[in-house]
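Given next are the chains, with one letter for each unit.
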Amino acid sequence: MATFLGINLFGLFGQLLVGLINGSFYALLSLGLAIIFGLLKIINFAQGAMYMLGAFGAWLALNHLGINYWAALVLVPLAVGAIGILLERVLVRPIAHEDHLYSLLLTFGIALMLQGLFTHLFGSSGMPYAIPDELKGGTRLPFMYLPDYRAWIIVASAVVCGGTWWMIEKTRLGAYLRAGTENPQLMQAFGINVPLMVTLTFGFGVALAGFAGVMAAPVYSVSPEMGSNLLIVVFAIVVIGGMGSIGGAILTGLGMGIVEGLTKYFYPEASTTVIFLVMVIVLLLKPAGLFGKEA
Amino acid sequence: MKAMQKSLMTAAVVAATALSGAAQAEGISDDKVKIGVLADMGGVYADICGPGCVTAVEMAVEDFGGSVLGKPIEVISADDQLKPDVGSAKVRQWIESEQVDTVAGLVSSAVVGAATKVLTDNKKIALISTAASNAFTTSSCSPYNVHWTYNVTAVANGTVKPMVQAGKKKWFFITADYAFGHALEKVATDVVEQNQGEVVGAVRAPLGTTDFSSYVLQAQASGADVVALANAGADTVNSLKTAAEFGLTQTADVAGLLVFTPNAQAMDPSTAGGMTLTTGFYWDYDDATRAWSARFKERHGAIPAMGHAGAYSMTMHYLKAVEAAGTDDSDAVMAKMKEMKPDDFFARNATLRADGRMVHDMYTVKIKNPDERRDGDDIFKVVDVLAGDQVYEPMLPECNFAKS
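Residue numbers (the UniProt record's numbering), protein chains in the order written: chain A, 1 to 295; chain B, 1 to 404.
Chain A on its own, in the form it takes in the complex:
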């Protein structure tokens, strides 16, 4: 087996690829947060709960409505997005003009309530969800066995992240969005319905979390706690990337997946800490984050 400096290279390649897969997943999750913060200046702590809703939505759809994985991949994010829109209209909007802390506390409370509700309804152990038949099996690469579903995660994440980035940074709609949050009064004077845009943006960001939840259902445990475990890590990623930077969130997600993957290989005990270590260093050297604009 090929080795370099005493390190098994095949093993290392495997870990890099696994890190990249997890990174794609992180990118997908942090994207929604970055959009909501970057465009709306709302720190959405309920994003983890929305991810959990997505996974449970997939389970409910399959077991109670007979909707398979592929349909759920489209329908569930729409449903979760609708819940997001409702949240924004009813709860978030009235305090939107207050300090960031208010929306943070509000969404954190919503997350805790949703988590408690789902524990009450479905128990704490979680629900089984099988990998769709089309994506069972895998490919034997020289250095590892790559399950088809993991390859699909990379593809889906690349398409969704790339598409979202392009839409916000390169299209007219994206330009309206960015302008509308920069100077709402002026945009409204031009006849753009800014409040509607804000609502839809919030809904879209939340729908992304729902999408990630459906993606996660076949590979991770579908349980009420699944979102809160991941949310803090994803927050750290958004902070490292620069709060509000869409591209930054995507690239940092990928990068942190790889960093975490390597830590799992060399010193697993630190794997949940390493991202926060990076966050501390980045904040010390570049307070606005790697891709953030200095305020």
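Everything labelled a hint here was simulated from the structure, so no lab data went into it.
Certain hints may be false.
As the list claims (entries may be wrong) - Here are the simulated DSSO-like pairs of lysine-lysine, each with C-alpha atoms no more than 30 Å apart in a straight line: (1) B/320 / B/341; (2) B/366 / B/71; (3) B/297 / B/368; (4) B/32 / B/368; (5) A/136 / B/32; (6) A/293 / A/41; (7) B/34 / B/297; (8) B/83 / B/71; (9) B/34 / B/336; (10) B/368 / A/136; (11) B/186 / B/381; (12) B/123 / A/136; (13) A/136 / B/168; (14) A/136 / B/381; (15) B/341 / B/124.
Said to hold, decoys possible - For the chain A half of the interface with chain B, some residues (derived, Cβ under 10 Å), not all of them: (16) 22; (17) 126; (18) 129; (19) 136; (20) 144; (21) 150; (22) 218; (23) 230; (24) 261; (25) 262; (26) 270.
Ideal Cβ placement from N, Cα and C applies to all residues, glycine included.
Based on these hints, arrange chain B on the given structure of chain A.
Coordinates of chain B only, in the frame set by chain A:
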């Protein structure tokens, strides 16, 4: 004659003293027997011993008749939030201002460690149903601890020993990186080595890890015959899912060292099918277990996990001991509990040892494949019954709180 009178007098005084002593111990304090159920009501262990443990204890009280020695039995409960400080504060409050006689339930080993200290200081009995650590009857043993359902030693022995003896010599551990996981890994490692097996590697994954693919790759690269999951709950579900996804289950056996029925139900049967594990109870074992489980399910909405059945069984045994002792005085009740043999649908061929360990038959089970299942509750196939003394550790001399 005088000498005779004197000795008679002495005898009378002694007898009177003894009687008054007995009179103090006799009867039920505060005119009721109060059982506090401390469990995880809304956290990760809520399904294995939370509201279900309260239901099980209440069922035991009802089946006992609702009163003992003519006094009512009351059940109260609280959420430990999986926090040792919250749990021990609640127990202290129960003892000091609510006249609780015993605390049942007791799930997370960390909470139980703190709670049993308070209970022992106040000479109150801890009825431990679901904690995994074996410390409560070994390194932290106490004359007031009763550990009922299972412990790490029993599940490790039950699962590991037969596999090593069947020729699966090379073992790899995916371990939860905290006290419970370390304890489980250590016990299992000892069993592997005692049976001429070899541990080829281990990774310590932080609690609550979402993605286990990195660890599964390492396990794969180690060339192990068996990959043992020394973790619990969602960690077990996640690591098993990933092991199946990366094809590990085709090249090696995966052994879950601690799997509760709700965890097994959370696993996709097509990936979990065939996995061997050890449990203290399975609802579908025989008519007696099925009858009780049907009653439990009707009230709780789900089949019982082993901790639920254990909570029922130990509460019943406690109440029988109170009746037999004629008092709710902890020392007298504990002596009776250890003297009487537990015997019900849960506790088979059972004894409560002087160290507080309840030793009973354990079950080696296999998770059923999808085509073997009648419905969602039909998850295990019992393949072997293990005599308790074969799987639990022997009593330590310093923990021999012999009945006095």
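Between residue 297 of chain B and residue 368 of chain B, is the straight-line Cα distance small enough, at 30 Å or below?
-> Holds, at roughly 21 Å.
Between residue 83 of chain B and residue 71 of chain B, is the straight-line Cα distance small enough, at 30 Å or below?
-> Violated, because 33 Å separates the two Cα atoms, which is more than 30 Å.
Verify the proposed pairing of residue 136 of chain A with residue 32 of chain B, using a straight-line Cα cut of 30 Å.
-> violated, 60 Å
Taking only the CA atoms, is the gap from residue 32 of chain B to residue 368 of chain B under or equal to 30 Å?
-> violated, 46 Å
Against chain B, run the beta carbon of residue 22 of chain A and see if the smallest gap drops under 10 Å.
-> This hint holds: residue 22 of chain A lies near chain B, its Cβ roughly 5 Å from the closest one there, short of 10 Å.
At a threshold of 10 Å, is the proposed contact between residue 150 of chain A and chain B supported by beta-carbon distances?
-> holds, 7 Å
Pair hint residue 136 of chain A and residue 168 of chain B, alpha-carbon separation not exceeding 30 Å = holds, 28 Å
Against chain B, is residue 126 of chain A within 10 Å by beta-carbon distance?
-> Interface hint status for residue 126 of chain A: holds (4 Å vs cutoff 10 Å).
Quick one, are residue 366 of chain B and residue 71 of chain B close enough, alpha carbons at most 30 Å?
-> Given that 30 Å is the threshold and the Cα spacing comes to 45 Å, the pair is violated.
Pair hint residue 320 of chain B and residue 341 of chain B, alpha-carbon separation not exceeding 30 Å | Judged against 30 Å, a Cα distance of about 11 Å means the pair holds.
Answer holds if the nearest beta-carbon of chain B is closer than 10 Å to that of residue 218 of chain A; otherwise answer violated.
-> holds, 8 Å
Mind checking the alpha carbons of residue 341 of chain B and residue 124 of chain B for me, to see if they're no more than 30 Å apart?
-> With a Cα-Cα distance of about 21 Å, the restraint between residue 341 of chain B and residue 124 of chain B holds, given a limit of 30 Å.
The structure is inconsistent with the numbered hints 2, 4, 5, 8, 12, although it conforms to all the rest.
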